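> Those sequence lines, one after another, are chains A and U. Residue 59 in the numbering used here is what sits at position 59 of the first sequence, and the numbering runs on without skipping anything. Residue 481 in the numbering used here is what sits at position 379 of the second sequence, and the numbering runs on without skipping anything.
Simulated from the structure, these hints should not be mistaken for lab results. A hint or two may mislead.
Unchecked claim - Computed cross-link-like contacts, DSS-like style, restricted to lysine-lysine with a CA-CA straight-line distance of at most 27 Å: (1) K65(A) / K166(U); (2) K56(A) / K289(U); (3) K311(U) / K96(A); (4) K56(A) / K96(A); (5) K65(A) / K160(U); (6) K311(U) / K56(A).
Every value quoted in this text rests on a predicted model; they were computed, and no experiment measured them.
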Amino acid sequence: MPYVVTDLCSGCRYTECVSVCPVECFHLDDQMTYIDPETCIDCGGCVPACPVGAIKPAHQLPPDKRMWIDINRRRAAETPVLTGRLPPLPGADERKRAIPGR
Amino acid sequence: MMPAAARYRVAITGAGPSGFYAAEALLRSGQPVSVDMFERLPVPYGLVRFGVAPDHPKLKQVTKVFDRIAGMPNFRFFGGIEVGEALSIGALRSCYHAVVIATGASVGRSMGVPGERFSGSCQAADFVAWYNGHPEYRHHAFDLSGERAVIIGHGNVALDVARILAKTADELKHTDIAAHALDTLAKSRVRDIYLVGRRGPDQTRFAAKELQEFLELADCDPVAELDGFAMPATDASGDAEAQAALATLRSFTKPVGARPRRCIFLFGLTPVGIAGDDRVQRMLFRRSSGHESAEVAIDCDLVFSSIGRRTAPISGIPYDEARGVHANIGGRITADGAALRGIYVCGWGKRGPQGTIGTNRACSNETVGHVLADLPGLNDPPAHPDSLFGGAASRMPHYVDYPGWERIDAEEIARGMTTGKPREKLVALDEMFAAARGGIAPSAIRQPPSRNGARCGTISR
Chain A
1 MPYVVTDLCS GCRYTECVSV CPVECFHLDD QMTYIDPETC IDCGGCVPAC PVGAIKPAHQ
61 LPPDKRMWID INRRRAAETP VLTGRLPPLP GADERKRAIP GR
Chain U
103 MMPAAARYRV AITGAGPSGF YAAEALLRSG QPVSVDMFER LPVPYGLVRF GVAPDHPKLK
163 QVTKVFDRIA GMPNFRFFGG IEVGEALSIG ALRSCYHAVV IATGASVGRS MGVPGERFSG
223 SCQAADFVAW YNGHPEYRHH AFDLSGERAV IIGHGNVALD VARILAKTAD ELKHTDIAAH
283 ALDTLAKSRV RDIYLVGRRG PDQTRFAAKE LQEFLELADC DPVAELDGFA MPATDASGDA
343 EAQAALATLR SFTKPVGARP RRCIFLFGLT PVGIAGDDRV QRMLFRRSSG HESAEVAIDC
403 DLVFSSIGRR TAPISGIPYD EARGVHANIG GRITADGAAL RGIYVCGWGK RGPQGTIGTN
463 RACSNETVGH VLADLPGLND PPAHPDSLFG GAASRMPHYV DYPGWERIDA EEIARGMTTG
523 KPREKLVALD EMFAAARGGI APSAIRQPPS RNGARCGTIS R
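Bound conformation, chain A alone (with noise of 0.2 Å):
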């Protein structure tokens, strides 16, 4: 059951998913960050860190999402390993705000 990285991510990236990584699972492109489910250890230390809830067990993905698993698989696989705490995207707290439930 690996943690899945969802699209909510995508524009905000505030990485402190990062800095709790027990792992270093986390890789990252100009959108987002995935997870490297080979490495990860299934802990859950992110969920919580994450600001915008955007990272889910993938067992708890709606029908929708579950595309993520297999796009955090690949995309872990294509892009580098991220070692510490980025700063958000442009617009992350505006983004943040402005989604539904948060």
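Assemble chain U onto chain A, guided by the hints.
Positioned in the frame of chain A, the structure of chain U alone reads:
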């Protein structure tokens, strides 16, 4: 051994997650720093080895990260050396530019109620150390001949204790649980396991993910008694983890199945005493929710207290009584609010016992940020670490270095292969030291040191 390039020497006491992450941050800093890590036991990993439950093998894969850190240049491991009476923090400070304390929170908080000293009343943390094969707890006796156990506290340690009590021997036998614990648990007669907390079901410290494991037990039904508690609608401003835990607890209210064991979650009950005759017979509570106060009693044979831990004070290190940690600001040890020079803390001894394993990475990074900022202004220490090991050889007959630990690791994995476990932990200190020297003969099969304890065994689920 000490590379000439390392301008600064830092000692870390404790080889758990926070100590390793501090070592990593120091060694990755680009500064000329060498790190010596001192660990009381001959084996590394701290609570990953002695705290994380045996049926959570995936979490233990974090040890691969610690092994990678241990392999970085300028890192040395001194296992089996306790920093305390024989080797004081003061002696370390005379040999290192900086000392980072990473020895956690070893003292279980007591409930402070009458009867707590009765036989049958114990700390949940001691039970955890026992089933995980901690050498200092292997002779603890837990009498599981009674049918009812009460666990006080609503955090993840309480869940671990309940789950280990609830599982069958078949569910545990392919984990790295200590052999003595598996033997005792296989004969357990415990049937009813109460998990009792002071607060309401929406205010637990349970991880939802770990609560859900109670729905998958072979021989045990979870039951949550939620009657009388207002069930707040999901509240976005609330603690998301507590909300997720509440949703899982609600699924525990379905009709009880026919399994022989039950885990019963009770809320709003404050412990007021243990009744018995030098032996636990009954746990007494006051119902603390609502306007009426009522006494509640649960007949039981065992009480596990799981209401938190605090850091053991260290001689010469200021202590923050209110928080139960070494007095510090951001990891710098402080006396009366002013930072002391060259002495630091990270992990549970800094922030208290909370967070996941990775929380220690951010915590140790913060502490190391201060160490690195301070190092150029710190005096060179008057003595060299070699004086500790050469000069005090009589006080320290032997220590275990990382290759020594890898020999212990290989021995444990080889023994586990014969019993279908990812490893059979060595639980006696003399056996650990012997294996570190390569001196244990009995098992002929030698595997190359594995960094992944789950590699050759069956994973429990």
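> Decide, hint by hint, whether the structure agrees.
Cross-check of the supplied hints:
| no. | hint | result |
| --- | --- | --- |
| 1 | K65(A) / K166(U) | 31 Å, violated |
| 2 | K56(A) / K289(U) | 39 Å, violated |
| 3 | K311(U) / K96(A) | 26 Å, holds |
| 4 | K56(A) / K96(A) | 17 Å, holds |
| 5 | K65(A) / K160(U) | 25 Å, holds |
| 6 | K311(U) / K56(A) | 11 Å, holds |
Checked against the numbered hints above, the structure breaks hints 1 and 2 and satisfies the rest.
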